[in-house]
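Top line first, the protein sequences correspond to chains A and B.
Start counting the first sequence at 1; every next residue gets the next number (my numbering).
Start counting the second sequence at 1; every next residue gets the next number (my numbering).
For the record, the hints were derived by calculation from the structure and aren't laboratory data.
It is possible that part of the hints are untrue.
To be verified - Derived list of chain A stretches under chain B, where covered just means 3 residues or more per stretch with a C-beta under 8 angstroms from a C-beta of chain B: (1) 168–174; (2) 231–242.
Unchecked claim - In silico contact screen, one side only, chain B against chain A (beta carbon under 7 angstroms); selected entries: (3) LEU84; (4) ARG108; (5) ARG111; (6) PHE118; (7) SER124; (8) LEU125; (9) GLY132; (10) VAL141; (11) LEU144; (12) TYR172; (13) HIS174; (14) SER177; (15) GLY178; (16) LYS289; (17) GLU291.
As the list claims (entries may be wrong) - Chain A is faced by these chain B residues, among others (derived, beta-carbon under 10 angstroms): (18) THR101; (19) LYS109; (20) ARG112; (21) ASP120; (22) MET129; (23) ALA191; (24) ASP321.
Keep in mind it's a predicted model, so treat the numbers as computed, not measured.
By construction, the Cβ of each residue, glycine as well, lies at the ideal position given by its N, Cα and C atoms.
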Amino acid sequence: MRGTGRALRKNPNLLAGTVILTIMALIAIITVTPGARLVARYDPQALAVVHRLEQPSASHWFGTDRLGRDIYARTLHGAKVSLVVAVSVALSVTVIGMTIGITVGYNRTADNLVMRVMDGMMSFPTLVLALALVATLGSSLFNVVLVICIVDTPGMTRVVRGVVLSLRERSYVESARAIGASMPRVLFRHIAPNTLAPVIIQASVFFAGAILTEAALGFLGVGTPEYIPSWGNIISAGREYVTINFWISFFPGLFLALTVLAANLVGDGLRDVLDPRLRGAT
Amino acid sequence: MTTATNASTVTPVKADVTSGQPLLAVEGLKVHFPVNRGFILQRTVGHVKAVDGIGFSLKHGETLGLVGESGSGKTTAGRAILQLTKPTAGKVTFEGQELTTMKPDAIRKMRRRMGIVFQDPYGSLNPRMTAGNIVGEPLIVHRLFTSKAEYREKVAELLQVVGLSPAMANRYPHEFSGGQRQRLGVARALAARPSLIVLDEPVSALDVSIQAQVINLLQDLQEQFNLAYIFIAHDLSVVRHISDRVAVMYLGKIVEIATRDEIYKNPLHPYTKALLSAVPAPDPVLERKRERIVLKGDIPSPLNPPSGCVFHTRCPIAIDDCKGDVPPLREVGPEHWVACIRV
Numbered sequence: 001m002r003g004t005g006r007a008l009r010k011n012p013n014l015l016a017g018t019v020i021l022t023i024m025a026l027i028a029i030i031t032v033t034p035g036a037r038l039v040a041r042y043d044p045q046a047l048a049v050v051h052r053l054e055q056p057s058a059s060h061w062f063g064t065d066r067l068g069r070d071i072y073a074r075t076l077h078g079a080k081v082s083l084v085v086a087v088s089v090a091l092s093v094t095v096i097g098m099t100i101g102i103t104v105g106y107n108r109t110a111d112n113l114v115m116r117v118m119d120g121m122m123s124f125p126t127l128v129l130a131l132a133l134v135a136t137l138g139s140s141l142f143n144v145v146l147v148i149c150i151v152d153t154p155g156m157t158r159v160v161r162g163v164v165l166s167l168r169e170r171s172y173v174e175s176a177r178a179i180g181a182s183m184p185r186v187l188f189r190h191i192a193p194n195t196l197a198p199v200i201i202q203a204s205v206f207f208a209g210a211i212l213t214e215a216a217l218g219f220l221g222v223g224t225p226e227y228i229p230s231w232g233n234i235i236s237a238g239r240e241y242v243t244i245n246f247w248i249s250f251f252p253g254l255f256l257a258l259t260v261l262a263a264n265l266v267g268d269g270l271r272d273v274l275d276p277r278l279r280g281a282t
Numbered sequence: 001m002t003t004a005t006n007a008s009t010v011t012p013v014k015a016d017v018t019s020g021q022p023l024l025a026v027e028g029l030k031v032h033f034p035v036n037r038g039f040i041l042q043r044t045v046g047h048v049k050a051v052d053g054i055g056f057s058l059k060h061g062e063t064l065g066l067v068g069e070s071g072s073g074k075t076t077a078g079r080a081i082l083q084l085t086k087p088t089a090g091k092v093t094f095e096g097q098e099l100t101t102m103k104p105d106a107i108r109k110m111r112r113r114m115g116i117v118f119q120d121p122y123g124s125l126n127p128r129m130t131a132g133n134i135v136g137e138p139l140i141v142h143r144l145f146t147s148k149a150e151y152r153e154k155v156a157e158l159l160q161v162v163g164l165s166p167a168m169a170n171r172y173p174h175e176f177s178g179g180q181r182q183r184l185g186v187a188r189a190l191a192a193r194p195s196l197i198v199l200d201e202p203v204s205a206l207d208v209s210i211q212a213q214v215i216n217l218l219q220d221l222q223e224q225f226n227l228a229y230i231f232i233a234h235d236l237s238v239v240r241h242i243s244d245r246v247a248v249m250y251l252g253k254i255v256e257i258a259t260r261d262e263i264y265k266n267p268l269h270p271y272t273k274a275l276l277s278a279v280p281a282p283d284p285v286l287e288r289k290r291e292r293i294v295l296k297g298d299i300p301s302p303l304n305p306p307s308g309c310v311f312h313t314r315c316p317i318a319i320d321d322c323k324g325d326v327p328p329l330r331e332v333g334p335e336h337w338v339a340c341i342r343v
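Sequences and hints are given; from them, build the entire structure.
See below:
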């Protein structure tokens, strides 16, 4: 994209968010390569009951949990699951939500039916619905992503449809029809780009929300299995010790909070960068 | 001079001198919007008769002014002629082809030949497209160029024609002023070389000084490209300046249509008279003597229009007979048609 560097310099929030997300992504990537040993000395699964519940120290930077596992190693390895969930959810929900939202918003024939189904899905509390679905489907990484996508899609669809409903009455959309533009052209050139601002914000909210939902599912014991560390299940494992051994939940929680914050900063910054009106005149 | 007559409307269709055919002929055009009540089981409880049987014709290079107060259906009429709003009934013959029965694909191709300029210069340009692409989009849609260089050249030419610098092609709409934006709108309407442009209040959102510039531009372009205009407006002095003929609309119907000079000097319909009496005179002496016809009340609801002549509820000269039959447009002088039984 042209002017990326300039955009980053002009928008410190976007820069900060991008830096944090990049670091998190690098951590996630390096933990699946043999290089994992370089950043985290210990195996995230290695049990050392002798060293259980140790405070943060030179050898265990973030301390150890009740089975003597190194929290630092587990937190770094946990980035992988959390980010994979967040990225897959944000992307899938955006694509699905935009497709359905634009379709029913512009071509109103199926609108009532589709939106009532969406309303039905939204009337369940998110976590209860996710819990029920994971319990039925079984807990695996893929199912967690799938379930979060299912519970988030109505929200995105609703946002997109609402924007499309207002856009289709704008005179530039009528102007596009008046010059003989085909329906795909009207949708992709005139409507879709103008839905981007709210969609990006919504996507960054869902990105952050997916990490939290994954963590909540982990916390409730139906998320990713315990042998795959994720921020959610590390925090969950530390909950019994929060008052006396706070570090178990604190450090993965800190990473989680930073990532969520970064996602929101990037979403906010991206919206500004993609809007020609805010791009900075000439 | 031919006249088409049907039961409720008499349509003046004027023959084109050169081809024997008008560029555009509108007959009995109606646009009724259904009004629905009920949440799941919707039922139609009535129709808003936005346009209720209008007819006129237009020659190449001619300008028809379409005037009337808010809610008279002039904008809807413009949209319906271009098939942007589907007409409920009636015929629109453009360049010898009947548009109302055309398939959507065929209409898309016909759109090359007809353009529209919108009232709002802020809402009518896509904020995420550059000026160059806004102006050039019709060329892309109708594949009117063979190379990228030719495309850029044509866009630059269009910008120049409407008085903008080709160097502005990479700017976004928000970087332009209202008048410049309207010029972009005109360039876009002009791009595919149409023969008819519907101008939907093209200057009413602009400052008076800018209005004059845009009007002059429109007149220059008309001469240059032999364009026919349907000029929709409520500003009667602007209409007088630009139109060859003027049609006055009231509640979805044309109540009077005549040549410009005829209608301004010799208005016959009481509504036209009232409308013209509202135009202030620039001369203070004349202005003091000006007789003002003030109509009582508001325009009635098009959902439930009055019987007979739709104007009888506010007409200063109405008689009982006006409530009976719908008065047909009849020719009372050369090219002067009025829908009033008292004239």
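Broken hints, numbered, in rising order?
2, 9, 11, 14, 15, 16, 17, 18 and 24
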